[in-house]
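Each number in the working numbering comes from the position in the sequence shown (counting from 1) with 1268 added on.
Below are the BS3-like pairs computed for lysine-lysine, each with C-alpha atoms no more than 30 Å apart in a straight line:
| # | residue 1 | residue 2 |
| --- | --- | --- |
| 1 | K1615 | K1534 |
| 2 | K1359 | K1383 |
| 3 | K1403 | K1383 |
| 4 | K1383 | K1597 |
| 5 | K1626 | K1359 |
| 6 | K1557 | K1626 |
| 7 | K1534 | K1574 |
Derived from the structure by calculation, the hints contain no laboratory data.
Since the structure is predicted, the reported quantities are computational estimates derived from the model, not experimental observations.
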Amino acid sequence: MASIALYLIHWAISVAATAHPSHQPWLAPPSSKSPVEYDYFHSAPVVDVRETQLLRVHDVDYLNSHWVAHWITTKSNLDLVLVSFVSLRAKEDDPEGSNHYGGSIYEFESGFFSKYVALGETASFDPNVLNIQFKDQYQWFSNSPDSFSSITTIGNWDNHGWNITFEPRGPNLYDGGSAAFFWGSDYNREWAAPNAFTTGTVTINGSRHEIDPTRSTAWYDRQWGVGLAINGWYWFPLQLVDGTRICVWALNPVGNYHKSFGTVLKPDGSHEVVTMLPDIHPENSWVSKETNITYYASFTLSFPEKGTLRIVIPQGKERQYGEFGAQDKSATVYEAYAEVNGVWEGKSVRGWGLSEQKPFYA
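Turn these sequences into a full structure, and let the hints guide you.
Set out below in structure tokens:
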């Protein structure tokens, strides 16, 4: 009987997750306060995020990434998800080389998807204020002297692109509660600004669309360190409608242990680190025609102390979008819009987020 009950719960969550919510499911940032105005920023044992923005380490084993996802509704009522990232790396024979950058645009109604990705490019880097540029194609720079309060990203390729500015609002999220956690092979640092006010324009097939900031938001993620999840990972930055933000890591086993956990950020800025069962029940698989890598369109995340969340990538298997394919498979990663439904702390919840999938690293 217990197995039947579990099946029925799983089925109910699956049905709820499959039904696409009403138009424009995401919400603009709920707060107008800067992250530096929250007590956790000053009183908790965390880094001052403003001091982490200019890190540049010429070490082949050092991860150093800036990443942002935008959930956007334009003033012409297009619903879009954009992802942009840059990873500053080094090679043994070229300290400025092995940099990795890319971006993508996904439009819901038509299923339009376009991406670009580059590996091994040389980047210009300003040591005094955040400003990273790859030729004329991509730029990530700060509009404020603290390299944090206002950031613009510009990307363009094949008659597509964007010019977007985001400003962190509400509390920051510090992974593991302190922005330090064991990531595969060693310790890493990671924090996020998961409530960013978003303005700017998006260009699709030469047509420019203005972002509606009252119906758009962003999640900015900053990660660096010597740790590397060498056997791959699944990552879910999730935003619940009630204002709760959850950053979920599920790492493929390295050695004799498996690291799976969630960091919960509450609207008041307080944090809670919660245990997650390592089996994330990947389902609805499909194989990339470009790289022959297997990805999944749904997952079930179980948190013994909190509840169960069902993650679904709407039409993920049918449309098979989201892969940042690269000639080097170790640099290939998958990023797709995801919806979340389930039970959390005894209450039904729903929200949205992203599914990042990296089944293996090398």
